[in-house]
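Colleague: Whole structure, please, built from the sequences with the hints as guidance.
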Amino acid sequence: MFTNKIFKLFFLSALFCASLFSYPQISQDIKDKKIYPIGEKIYKSKCSNIDTAKFKTYDALVSSLESKKSCGDLNKNHLQALSLYLWDVKRHNSKIYPKLTVTNKDKCQVCGMFLHHYPTWVSRINYPNGETYNFDGMKCMFKFYFNNKEGIKDILVQDYYTLKTINARDAYFVVGSDVYGPMGHELVPFKDKKSATTFSLEHKGKKVYSFDEVTEHMVRSLGM
Amino acid sequence: MKLQNIWFVVLACKVNLYILEYSIKYIFRDKYKNIFIVIVMSLLVALLAATLFISNSMKAKYNSIIDNYPDIVITNQKALRDSTIDENEIDKVLTLKGVTSVVARVWGHYYFLNADKKFLILGRDEFETYFNPLLNQKMNINKESMLVSKDVKKILNDNYYKKYFNFIKSDGMIEKVKIQNTLDLDTSVKNPLLIIMNKDLAKNIFQYKNSEVTDLAVSVANKNEIAFIATKIKILFPNARITIKDDLRVHYENIYNLRSGFFLTIFIITFFTFFIIIYDKVSGLNSEQRQEIGILKALGWRVSDVLNAKLYEGSIISLLSYILGISFALIYVYVFNAPYLKDMFLNNYNLLPDFKIAFTMDYETLALLFFLSVPIYIAATIIPSWRVATLEADEVMR
Amino acid sequence: MIKLLNVSKIYDKNVIALDDVSLTFQEGELVVLKGVSGSGKSTILSLIGGLVKPTSGEVLVDNKKISKIPDHFVSSFRQKNIGFIFQKYNLISMLSVAENILLPLAPLNLSRLEHKERLAKVLGLFSIEDKRDVVVKNLSGGQQQRVAIARANINSPKIILADEPTANLDEKLSIEFIEILKELKSQNRTIIVATHDPLFFELDFVDRVIEVKNAKIVL
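Those protein sequence lines, which keep their order, are chains B, S and E.
Here our numbering is used: position 172 in the first sequence is 172, and no number is missing along the way.
Here our numbering is used: position 4 in the second sequence is 4, and no number is missing along the way.
Here our numbering is used: position 162 in the third sequence is 162, and no number is missing along the way.
FYI, nobody ran anything at the bench for these hints, they're computed from the structure.
Take these hints with a grain of salt, some might be off.
Unchecked claim - From the derived model, a few chain S residues whose C-beta atoms are all more than 10 angstroms from chain E:
| # | residue |
| --- | --- |
| 1 | Asn-16 |
| 2 | Glu-21 |
| 3 | Tyr-22 |
| 4 | Leu-47 |
| 5 | Lys-59 |
| 6 | Arg-81 |
| 7 | Tyr-111 |
| 8 | Leu-120 |
| 9 | Asn-191 |
| 10 | Ala-221 |
| 11 | Glu-253 |
| 12 | Gln-291 |
| 13 | Glu-292 |
| 14 | Ala-298 |
| 15 | Asn-337 |
| 16 | Phe-359 |
Said to hold, decoys possible - Restricting the straight-line Cα-Cα distance to at most 30 angstroms, the calculated cross-link-like pairs of lysine-lysine (DSS-like) are:
| # | chain 1 | residue 1 | chain 2 | residue 2 |
| --- | --- | --- | --- | --- |
| 17 | B | Lys-90 | B | Lys-69 |
| 18 | S | Lys-92 | B | Lys-41 |
| 19 | B | Lys-76 | S | Lys-153 |
| 20 | S | Lys-232 | B | Lys-31 |
| 21 | B | Lys-107 | S | Lys-223 |
Cβ atoms here follow ideal geometry from the backbone N, Cα and C, with glycine treated the same way.
Modeller: This is the structure we're talking about:
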């Protein structure tokens with residue numbers, strides 16, 4: 001009986017220790033939308049001098065933050081948010097593209113329309129020598145792309161749901177939906193396949209394509 | 001022939017001082033009638049201008065206030081009455097594609113018995129991002145302190161609370177909160193009695209248990225999707241009241257809608273009065289006036305000269321009325337803040353209980369009123385004379 | 001030189017004012033048109049002054065077919081060449097004497113100095129300097145007529161047309177008018193007077209008397 005108790009105690013404490021710091025299972029959406037923004041804010045305001053490369057495991061990072069109080073006295077939620085932000089986002093330093101902004105004078109390279117009327121549809125092609133071209137919507141961008149495939153540095157579009165700038169070559173496009181762009185029927189861009197599929201279901205889209213699957217014929221059939 | 005035509009046009013463009021003199025004397029010959037017309041037309045222009053100035057100013061104001069509202073607000077309801085919502089429901093909303101962020105808001109009112117005043121308390125977490133820019137300012141609020149607006153500070157002072165305040169909670173316990181600092185607020189809108197404090201402290205005072213919060217404020221990046229997402233949220237939260245920012249805008253649009261009853265009455269009265277004036281002018285000249293035009297023709301005045309005289313006459317009266325009317329409206333609205341008329345716009349349902357009307361150069365209104373009044377009056381002056389002037393002078397004088 | 005060639009004027013309601021009239025007036029002539037009211041003499045004046053257009057026929061002044069040119073140019077022509085004295089004076093009663101007299105000059109946009117000079121000259125000519133700023137309605141008949149004459153002369157017209165100028169005047173004032181007429185004749189203007197006042201028929205400085213009866217010239 002005594003050994004039973006010790007065994008239980010050991011088991012429970014092991015469990016307890018394990019659950020203390022181990023990397024939490026949270027959905028990506030919640031992490032992106034709720035946790036990282038808070039973590040980022042804490043990082044920027046309290047301890048922007050932390051070097052994330054120093055830590056080999058998630059647990060090491062958390063215990064360091066908690067013991068050294070390098071970012072001040074944080075409650076449990078804030079601590080978790082900061083840790084996840086530092087571990088997931090800061091470490092990878094994944095490429096964040098700047099927002100695609102246009103002035104009153106910018107026009108679409110292909111159709112000549114003024115871009116500032118439809119800021120959420122602006123797309124851009126950059127060349128290594130610094131040349132950039134703007135487009136209103138995906139149709140115009142693709143029309144340009146198919147005629148000028150060589151030497152392009154990036155193709156940037158805005159994810160429909162978050163309006164964040166993403167690399168078109170990693171994006172997914174929905175055709176045939178009830179959402180119209182400035183030039184009528186459009187390919188609607190998304191940063192991942194799941195978003196594209198959700199959108200397609202809700203807005204009666206016909207099909208989801210990756211960047212490479214989009215053909216010149218497809219774009220032409222969408223009309224002017 | 002062509003040279004003469006060009007000369008004709010040039011003559012028409014230049015102001016002939018003698019004809020101008022004639023027009024001015026003509027106006028003074030009918031002194032009282034013309035003064036009456038100027039006064040009436042000025043008042044009409046002033047009334048319309050003032051109404052439009054106030055309305056446009058209010059629209060701009062409430063639009064900018066609504067801009068700071070969340071795209072969607074989810075308020076839980078029990079028995080169709082507003083209730084609190086569980087913070088953890090946020091995760092449900094975050095799974096919806098298109099939702100950028102959700103904030104669990106803690107806010108509410110506190111009734112201060114001694115002063116018979118209601119305070120608005122906003123809870124704030126320093127690492128969250130809110131819609132209201134006031135809450136996003138960089139400010140350090142201690143966990144046991146609060147920031148108060150100037151009005152609140154004064155009320156507390158008057159009630160002998162100088163450095164702290166005792167909130168009485170619903171269970172009868174007292175929560176002592178220190179006054180850390182005073183807030184600087186935008187004075188062009190009448191502000192509620194505002195207190196900002198730490199979210200947890202606010203939860204304490206409102207006696208929210210565990211993860212209770214007042215409501216959820218949802219932000220949607222692509223405005224196109226707001227209605228769609230609102231529908232999805234309604235399905236997720238069948239008991240909740242969902243408020244969409246655009247609906248609010250439409251609601252207030254309708255109140256200040258220029259087609260609503262109050263404006264309509266003003267417009268009808270104004271146009272009707274104006275119409276009467278114009279009708280009197282257009283319905284022709286009396287025999288004396290016709291004779292005079294005939295005399296001028298006989299003396300060698302061409303049709304263009306006669307019309308020039310009428311043009312000057314009409315312009316002087318209408319331009320004078322327009323300028324007087326606009327000036328009066330500008331002073332009335334922007335200097336005196338539009339007493340009486342402003343009250344017609346404000347009522348219990350609106351967003352702006354009382355506010356100082358900000359000065360903006362409302363070119364659209366100015367242009368609108370100009371083109372509605374001046375050219376019409378000038379036309380009404382010229383047209384009847386045109387007919388007479390083109391008749392043969394002899395016939396007119398008989 | 002003024003010519004009327006086969007001129008007829010019919011007003012609506014079939015009132016025949018003139019029936020196939022042909023006349024010629026030389027420069028510098030003083031002609032009296034004699035006839036009763038309604039005989040057509042006033043119509044002749046109106047035709048020469050371009051105030052009406054003939055129903056048929058032509059009116060030529062200095063070889064200009066004023067019956068055919070557009071109203072704009074007729075007015076200009078009238079402005080430069082014609083001084084009209086109406087039976088009822090046709091002054092603007094609420095304006096002053098000076099304002100009335102200067103009215104014909106307004107479209108020309110001359111300088112103020114020019115206006116002043118011409119006004120002074122004409123006021124002196126017809127002895128009304130002291131009435132310069134009096135409102136016309138406060139003047140007597142004779143004074144008003146002088147204002148009318150002054151107005152007709154402000155632009156130094158070549159042709160002066162007077163329609164029943166003495167109809168509203170007593171004998172004394174009529175004689176005064178005739179004196180003025182003599183003065184004007186000496187300035188070599190073409191003057192045509194339409195009247196049924198017998199005072200005019202025996203004047204020695206009248207070149208011709210033409211009788212107008214029932215819309216025709218009596219030869």
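Colleague: Indicate, hint by hint, whether the structure satisfies it.
Modeller: Cross-check of the supplied hints:
1. Non-interface status of Asn-16 of chain S relative to chain E is broken: a Cβ of that chain comes within 10 angstroms, the nearest being about 5 angstroms off.
2. With a minimum CB-CB distance of about 8 angstroms to chain E, Glu-21 of chain S fails to clear the 10 angstroms threshold, and the non-interface call is violated.
3. With a closest Cβ-Cβ approach of about 6 angstroms to chain E, Tyr-22 of chain S is found to fall inside the 10 angstroms limit, against its non-interface label.
4. Under the 10 angstroms C-beta cut-off, the non-interface status given to Leu-47 of chain S relative to chain E holds; the minimum distance is some 34 angstroms.
5. For Lys-59 of chain S, the shortest C-beta to C-beta distance to chain E comes to about 50 angstroms, beyond the 10 angstroms cut-off, and the non-interface label holds.
6. No beta-carbon of chain E comes within 10 angstroms of the beta-carbon of Arg-81 of chain S; the shortest separation is about 78 angstroms.
7. At the 10 angstroms boundary, the C-beta of Tyr-111 of chain S stays outside the reach of chain E, the nearest C-beta of that chain being 75 angstroms off.
8. Leu-120 of chain S, annotated as away from the interface, keeps every beta carbon of chain E farther than 10 angstroms; the closest lies near 70 angstroms.
9. For Asn-191 of chain S, the shortest C-beta to C-beta distance to chain E comes to about 63 angstroms, beyond the 10 angstroms cut-off, and the non-interface label holds.
10. A cut-off of 10 angstroms between C-beta atoms confirms that Ala-221 of chain S is not in contact with chain E; the least separation is 68 angstroms.
11. No Cβ of chain E approaches the Cβ of Glu-253 of chain S within 10 angstroms, the least distance being about 54 angstroms, so the stated non-interface status holds.
12. At roughly 7 angstroms from the closest C-beta of chain E, the C-beta of Gln-291 of chain S falls inside 10 angstroms, breaking its exclusion from the interface.
13. In this structure Glu-292 of chain S is not separated from chain E by more than 10 angstroms, as the shortest Cβ-Cβ distance comes to only about 6 angstroms.
14. Distance check for Ala-298 of chain S against chain E: the nearest CB is about 6 angstroms away, which does not clear 10 angstroms, and the non-interface claim fails.
15. Distance check for Asn-337 of chain S against chain E: the nearest CB is about 46 angstroms away, which clears 10 angstroms, and the non-interface claim stands.
16. Consistency note on Phe-359 of chain S: stated as away from chain E, and its beta-carbon is indeed over 10 angstroms from all of that chain's, at 44 angstroms minimum.
17. For the hint linking Lys-90 of chain B to Lys-69 of chain B, the alpha-carbon distance of about 19 angstroms falls within 30 angstroms, and the restraint holds.
18. With a C-alpha separation of about 23 angstroms, the suggested pair Lys-92 of chain S and Lys-41 of chain B falls inside the 30 angstroms cut-off, and the hint holds.
19. A threshold of 30 angstroms between alpha carbons decides the hint, and for Lys-76 of chain B with Lys-153 of chain S the separation of about 34 angstroms lies outside it, so the pair is violated.
20. Straight-line distance between C-alpha atoms of Lys-232 of chain S and Lys-31 of chain B comes to about 21 angstroms, which keeps the hinted pair within the 30 angstroms bound.
21. The suggested pairing of Lys-107 of chain B with Lys-223 of chain S holds, with an alpha-carbon distance near 23 angstroms, which does not exceed 30 angstroms.
Against the hints set out earlier in the document, violations occur for numbers 1, 2, 3, 12, 13, 14 and 19.
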